[in-house]
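Here the protein sequences come in this chain order: A and F.
Plus 9 on top of the position in the first sequence (first one is 1) and you've got our numbering.
Plus 9 on top of the position in the second sequence (first one is 1) and you've got our numbering.
You can trust all of the hints, since none of them are fake.
Which copy? The list can't say, so a pair holds if one copy fits it or any two copies do.
Cut-off 25 angstroms, straight-line C-alpha distance, at most; resulting in silico cross-link-like pairs (PhoX-like, lysine-lysine):
| id | residue 1 | residue 2 |
| --- | --- | --- |
| 1 | K193 | K176 |
| 2 | K114 | K193 |
| 3 | K191 | K176 |
| 4 | K176 | K97 |
| 5 | K115 | K193 |
The set of hints was computed from the structure by calculation and includes no laboratory data.
Every value quoted in this text rests on a predicted model; they were computed, and no experiment measured them.
Protein chains: 2
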Amino acid sequence: MVVSGPAGVGKGTIVKLACQKAQGNIHLSVSATTRNPRPIDKEGVTYHFITKKEFRSMIEQNEVLEWAEYVGNYYGTPRKPVEDALKKGQDVILEIEVQGAMQIKKNFPDAVLTFVAPPSREELERRLRDRGTETEEQIVSRLQTAEEELSRINEYDYIVVNDTIEKASEDLLTILRAEKLKQKFE
Amino acid sequence: MVVSGPAGVGKGTIVKLACQKAQGNIHLSVSATTRNPRPIDKEGVTYHFITKKEFRSMIEQNEVLEWAEYVGNYYGTPRKPVEDALKKGQDVILEIEVQGAMQIKKNFPDAVLTFVAPPSREELERRLRDRGTETEEQIVSRLQTAEEELSRINEYDYIVVNDTIEKASEDLLTILRAEKLKQKFE
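Bound-form chain A, shown alone (with noise of 0.2 angstroms):
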């Protein structure tokens, strides 16, 4: 499953918390970045970070499934650990931006795309304000690529409406259980 949705919209919070919930079925990918740390991030938790050098050498040995530029930096998906989750017998989530779902959509079609939605356009931007971690120049930067993606909204399959983390939690949870239910065409 992928779960995208605009910086700020929380999607990191639920997606955490629907995994905490799912007791070890779900494995959440860990993307690979080739931007700065910030303070708040731990290498191989919120990111692995490398450098341009290494992440074009994964692009060119296909060891990324989906990857994209971003605000100047490159942004990806390991492939290994995805399909050793997979393997496992794990339900796996992308937290990734619109142009990586695309791609993950056009190469593995059961796939499913979720879009994590603000409650509105001005809850976003207080959400992102009250983060603090970004300047006033990232933040207008930031709410310009949300429009963006709130554009792409349709292609998703799924919207999950960030009322209540507990809440949008659940839904998650409840879109991966009823995906199992469908039948599938092969």
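We have chain A already, so just place chain F on it with the hints.
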């Protein structure tokens, strides 16, 4: 939502339990039929019992959403109660057989088709005999119909295996919840 499945699979029980859990948010459609009431039947609860003349008149007046002939009798879904429930914002479950399900899917592409399957053919036969409501001849006829119905399972969107009524009723509710999170293209 249409719920189908072979006679004896326990779909009536799991649908009833799902409706109880949903506390009034699900309207369970009551079919009209021309067959004779059995001892366990209750007018307006298990079926609306009407004459063949009345049934034909309903068909002519476009007052049934779907109908089918089955073992020499008519069965159909009265239109008005369903439309009234949808207007009130309730979910509606139609517990109908495969022919009727196909009519619903054709006329209402948004309808969700769920097939309740037995854990195995042997278990289905056991449940059918345990009901004790049919003659041996009727049981043989129902098992034949069950085979025909199982062969149409791939027309359905979701498959719920009735291992336990608790799990299966939760599955129905999960499907209804997930369908509301689905992006609808109008």
